[in-house]
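Undergrad: One letter stands for each residue in the lines below.
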Amino acid sequence: MSTAKRDLHSVFSRRALLVSGGATVMMGAIVSRLAYLQAENAATSFARERRFGAGVYDEGARDNRFDQRIIAPPRGVLYDRFGEALAVTSPDYRVTLVPEQVGRKNLEKVIAQVGEILAMQPETVARKTREALAAKQSDVVIIRQGLRWDEFSAINVRLPELPGVRAESSLVRRYPQDIAFAHPIGYVQKPNQREIDTVLAAGDQRRAVYLRNPDVRVGKSGLEASLENDIHGEAGWRMVEVNAAGRVVNELGGETRDPKPGRGVVLTIDAEVQRAAMERMAGLSGACVVMDVLTGDLIAMASSPGFNPNEFVNGISTARFKELNEDPYKPLFHKAVTGAYSPGSTFKICTGIAALDAGVPTSYRVNCPGYFPFGGRNFHCWQRKGHGSVDMHAAMKGSCDCYFYQVALRAGQQSLADHARMLGLGVKYDIGVPSVSPGVVPDKAWWESKRRDPMPAGIVLNTAIGQGDLLASPLQLAVMMARVANGGLEVKPRLVREGPGVGPLEKPRQLPINQEALKAVLFGCFGVASEPGGTSYRSTGNLGLWYDPATNAVTESPTQPPGLLQVQMGGKTGTAQVRAITAAERARGVKSNNKLEWRMRDHALYVCYGPVHKPRYACAIVIEHGGSDEVRFPGTAGYIGGGSAAAAPIAADVMRLVMLKDPSSRAVASVRSLEARNDPTPQKPDRSPA
Amino acid sequence: MTMMSSAGRPRGVSEKLSRLNWTIITLLCALAVTGVIMHFSVAEGSWAGRPLAHGSRFALVLGAVIAISLLDARVWLAIAYPVYFGTLLLLVGVEFFGETRMGATRWLDLGPVSLQPSEIMKIGIVLALARYFQNLEPRHAGTLLWSIPPLLMIGAPVALVMKQPDLGTALMITFAGVGIMFLAGLRWRYIIPAAGAAIGGAVAAYFFVLHQYQRDRINTFINPDADPLGTGYHVSQSKIAIGSAGLFGKGYLQGSQSQLDFLPEKHTDFIFTMIGEEFGLMGAIAVLGLYFALFLLTMAVAMRARTMFGRLAAAGIAVTLGLYVIINTSMVIGLMPVVGIPLPLISFGGTAMLTLMAGYAIVLSIDLHRDQAATRGLLW
Numbered sequence: 001m002s003t004a005k006r007d008l009h010s011v012f013s014r015r016a017l018l019v020s021g022g023a024t025v026m027m028g029a030i031v032s033r034l035a036y037l038q039a040e041n042a043a044t045s046f047a048r049e050r051r052f053g054a055g056v057y058d059e060g061a062r063d064n065r066f067d068q069r070i071i072a073p074p075r076g077v078l079y080d081r082f083g084e085a086l087a088v089t090s091p092d093y094r095v096t097l098v099p100e101q102v103g104r105k106n107l108e109k110v111i112a113q114v115g116e117i118l119a120m121q122p123e124t125v126a127r128k129t130r131e132a133l134a135a136k137q138s139d140v141v142i143i144r145q146g147l148r149w150d151e152f153s154a155i156n157v158r159l160p161e162l163p164g165v166r167a168e169s170s171l172v173r174r175y176p177q178d179i180a181f182a183h184p185i186g187y188v189q190k191p192n193q194r195e196i197d198t199v200l201a202a203g204d205q206r207r208a209v210y211l212r213n214p215d216v217r218v219g220k221s222g223l224e225a226s227l228e229n230d231i232h233g234e235a236g237w238r239m240v241e242v243n244a245a246g247r248v249v250n251e252l253g254g255e256t257r258d259p260k261p262g263r264g265v266v267l268t269i270d271a272e273v274q275r276a277a278m279e280r281m282a283g284l285s286g287a288c289v290v291m292d293v294l295t296g297d298l299i300a301m302a303s304s305p306g307f308n309p310n311e312f313v314n315g316i317s318t319a320r321f322k323e324l325n326e327d328p329y330k331p332l333f334h335k336a337v338t339g340a341y342s343p344g345s346t347f348k349i350c351t352g353i354a355a356l357d358a359g360v361p362t363s364y365r366v367n368c369p370g371y372f373p374f375g376g377r378n379f380h381c382w383q384r385k386g387h388g389s390v391d392m393h394a395a396m397k398g399s400c401d402c403y404f405y406q407v408a409l410r411a412g413q414q415s416l417a418d419h420a421r422m423l424g425l426g427v428k429y430d431i432g433v434p435s436v437s438p439g440v441v442p443d444k445a446w447w448e449s450k451r452r453d454p455m456p457a458g459i460v461l462n463t464a465i466g467q468g469d470l471l472a473s474p475l476q477l478a479v480m481m482a483r484v485a486n487g488g489l490e491v492k493p494r495l496v497r498e499g500p501g502v503g504p505l506e507k508p509r510q511l512p513i514n515q516e517a518l519k520a521v522l523f524g525c526f527g528v529a530s531e532p533g534g535t536s537y538r539s540t541g542n543l544g545l546w547y548d549p550a551t552n553a554v555t556e557s558p559t560q561p562p563g564l565l566q567v568q569m570g571g572k573t574g575t576a577q578v579r580a581i582t583a584a585e586r587a588r589g590v591k592s593n594n595k596l597e598w599r600m601r602d603h604a605l606y607v608c609y610g611p612v613h614k615p616r617y618a619c620a621i622v623i624e625h626g627g628s629d630e631v632r633f634p635g636t637a638g639y640i641g642g643g644s645a646a647a648a649p650i651a652a653d654v655m656r657l658v659m660l661k662d663p664s665s666r667a668v669a670s671v672r673s674l675e676a677r678n679d680p681t682p683q684k685p686d687r688s689p690a
Numbered sequence: 001m002t003m004m005s006s007a008g009r010p011r012g013v014s015e016k017l018s019r020l021n022w023t024i025i026t027l028l029c030a031l032a033v034t035g036v037i038m039h040f041s042v043a044e045g046s047w048a049g050r051p052l053a054h055g056s057r058f059a060l061v062l063g064a065v066i067a068i069s070l071l072d073a074r075v076w077l078a079i080a081y082p083v084y085f086g087t088l089l090l091l092v093g094v095e096f097f098g099e100t101r102m103g104a105t106r107w108l109d110l111g112p113v114s115l116q117p118s119e120i121m122k123i124g125i126v127l128a129l130a131r132y133f134q135n136l137e138p139r140h141a142g143t144l145l146w147s148i149p150p151l152l153m154i155g156a157p158v159a160l161v162m163k164q165p166d167l168g169t170a171l172m173i174t175f176a177g178v179g180i181m182f183l184a185g186l187r188w189r190y191i192i193p194a195a196g197a198a199i200g201g202a203v204a205a206y207f208f209v210l211h212q213y214q215r216d217r218i219n220t221f222i223n224p225d226a227d228p229l230g231t232g233y234h235v236s237q238s239k240i241a242i243g244s245a246g247l248f249g250k251g252y253l254q255g256s257q258s259q260l261d262f263l264p265e266k267h268t269d270f271i272f273t274m275i276g277e278e279f280g281l282m283g284a285i286a287v288l289g290l291y292f293a294l295f296l297l298t299m300a301v302a303m304r305a306r307t308m309f310g311r312l313a314a315a316g317i318a319v320t321l322g323l324y325v326i327i328n329t330s331m332v333i334g335l336m337p338v339v340g341i342p343l344p345l346i347s348f349g350g351t352a353m354l355t356l357m358a359g360y361a362i363v364l365s366i367d368l369h370r371d372q373a374a375t376r377g378l379l380w
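First to last, the sequence lines map onto chains U and F.
In this text, residue positions in the first sequence follow my numbering: the first is 1, and each later residue adds one.
In this text, residue positions in the second sequence follow my numbering: the first is 1, and each later residue adds one.
These are calculated hints, taken from the structure and not from any lab test.
Note that the structure is predicted; figures quoted are calculated from it, not measured.
Be aware that one or more of the hints could be misleading.
[What the hints assert, rightly or not] Partial chain U-side listing against chain F, Cβ under 7 Å, derived:
| no. | residue |
| --- | --- |
| 1 | Leu8 |
| 2 | Arg15 |
| 3 | Ala16 |
| 4 | Ser20 |
| 5 | Val25 |
| 6 | Ile30 |
| 7 | Arg33 |
| 8 | Met455 |
| 9 | Ile459 |
[What the hints assert, rightly or not] Computed far set for chain F versus chain U, every beta-carbon distance over 12 Å:
| no. | residue |
| --- | --- |
| 10 | Ala78 |
| 11 | Leu136 |
| 12 | Pro138 |
[Said to hold, decoys possible] Simulated restraints on C-beta separations:
| no. | chain 1 | residue 1 | chain 2 | residue 2 | range |
| --- | --- | --- | --- | --- | --- |
| 13 | U | Glu168 | F | Gly155 | 55 to 61 Å |
| 14 | F | Glu44 | U | Gly203 | 39 to 45 Å |
| 15 | F | Met282 | U | Val157 | 43 to 49 Å |
| 16 | U | Arg130 | F | Ala195 | 24 to 30 Å |
| 17 | F | Ala43 | U | Asp7 | 49 to 55 Å |
| 18 | U | Asp430 | F | Gln212 | 54 to 60 Å |
We treat Cβ as the ideally placed atom computed from N, Cα and C, and that holds for glycine.
Given these sequences and hints, build the entire structure.
TA: Here it is as structure tokens:
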């Protein structure tokens, strides 16, 4: 170790100077950093647009002071054809908070306080706390919505002691018709993470921010989904000056853009008819489509059971969704357009036309012993004891399978398929709702695309009576009936009467079908519904409606008023076998359909048109597993198929209402007139205490 | 106005008063007044509350400081160890009986007053080390063996303060202590490897010793824009405030970031941001200039002192002041991680003001009694 004596005082002085020098250097560094921050700011502000004169940190300063608050636009209102509201946007009062403004530590306490003020269930408070803890710190979390005015006031008074909590009003989608329009209209929900991710992947940051706004809802099913772009509207914004706690200290009126409401839409549906159809199908699983045979306007398009779309708007619970989703009656399923069923005997309308078109005379008679031998086996008629000798009219009336087996053989499978397509089966209609089923019309090309073996000749017999591979939606069956009833005009169904992409009604094309064939089959339908002995005569034979031949005015009365004629309808029953009763079941004593489990029973179908004197409406009804051979009506021959027992009475009631009201003859509403009616008074809460 | 009086021990109170280093007192007053002005702005133009409290508290403390500085400088030598070890005991007490505020246990509740022993330790360490080197034989100074006691004297409080946890204060105690060892003549051959070890140790500490929030602060410091609304919020906001202020600021009471509550902790640790925003680059430089002048004057006091204790104590106070200012301003403008060190005399808060003013009582006293032979204590 060095022994050289050190003068510690001069060492101190040297080192004190060194320390002072070090301090000077650091001071210099701090001053240059300060200067740099400003120079950086000045440089960017010079490079940017001059008119703002703003640099990076200026902009930061402005972003913070001025918050752009998104105002979600009111969605376009959906109306029925007469202006009744089906989907509206109305104000809602709610409590929200932003976790980062409350502070993570306080979150639990603050939510508990809000819960106390609003008397919320403890489990709801717990769920909201979890939700808020899991949320992005800067997101707005809705604690409760749908507040009553007194609750809203109560929370407003307590706001000063609840940092970061806001009480606000917002617009919320409501479906005043509840279950009646759940399927055609659908519902809106918050965009899910996948949708936001898709937008982000496309690089649209702004839209992602917009979608995350708690006020924003997008259509998830039905017309709400398919018309989303047009009825959503354009978001507005307002600039507010806020402090760091998110409290608005100043509204900056000048920098506000009002949201642009979404387009209003008028549907072709008559809400009254739709509701009646839903009520009539209550407790059943099925669908009912009513269509104007001249315009294609869908007067009703009901699927049962319905569900309440209002449950979805603010987020449906997993348990409730599971319950709906697993219900054997499938309430979430849009049966009217997405359901594809074997048309059963209702397809005999098409078979008959194809046969007559192929040259079979209307007077052609077939003897029905109850079965028809073909290809080494017997094809049975539903009437085991046979119909005897039948012509076209009698075969339609009694729904004789043997007759249609034989005439179908004369027409051939390809002709059946061609006629089915002409009448609207196997075609996908763009009526504005998603998941429209195209159905299946089997022909040689279809068979070869599916199977390797040659198409068996017997397939034409299955097709003739609407069984086998043939599948059609209730909507398609209504189209088929309409095109026959209107004399072969190729009408297309439409659901939206006034709205995006809807042009003037095109004159439908005349289908290349023999008019005599159409008339003969239509007369057959008349026999089914309105002549004694017709398979649905018991329920459709007398509707209690009468019309004045001079004016066509319809009145209702139990007995015939003098001078008036009966309003009649035509139709065709159908029973679609879901599953044959097996030999084992037969051995156990299961002989009839209603002894089977519900899900294995036959589907009941009915297609019809009316009034006979001036066809205007077509209707198709499918009641799932509605088949029952227990119900027998006096005055009808023997076994009554499912269609006549379960579906025809519903059709009769719906058609009775439609023909009495005659919605097609009444003036329809227009969006402009409806909005002029609604506009001037934006809804204000009732501030007076009750 | 500087009193460059030469030899002769001051005798009467009035003579002592006239010989006090009034330049330093003026600078202290100027800084405190700056504090009052800024608190007036924080309070959105109201005297009630902080501005008044800050001003009156300073006036009171200043009176006490002047009175105490008139006492014989040997008092400080005498109480150096008692203060140090007493404070160390209090720090242990905090560990067991401390009160937790804002996530850290720093406060000790002693009936009517609550105090932070870690703040007293900032002065305690200076006094104790100066005391140690005062009596150290010159041939031992700076050697490895005789550097062990001061290292222990630094290490003990630092360990306790780290545990609270209070990274800022721990850093300040460490730097002040090491600074005094350096000034006392620690040999370069130990300094260089020790500095290397310290850097290695800091890296290791980051991964194994620091709390997550402390790590976050360091990460945020390295990339503050990564999480501008989370941990980086403080720094981003103060950078916005200072960067947008311009040369002369947005004007008194006009800082939009500060006035609209965007600045967190603006009355305490982040008050420098407000100075920068409202008075601009020039205002910030002026305040830094006040501190720098105070630092240099304090160093001058140290150089003029004749005893090793006086030299090291005054220099230690100067280093403490410098650390306060450099750490605080650096973290505010994003040169350093946020560690929670106030801007002395300007930030609101009694303890920090008391600490620094106690230090200046020592400095003034040393300067007043610089000609005293202080080789032996007063009380024994």
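Undergrad: Could you check the structure against the hints above and give me the numbers of any it violates, in ascending order?
TA: 5, 8, 9, 11, 12, 16
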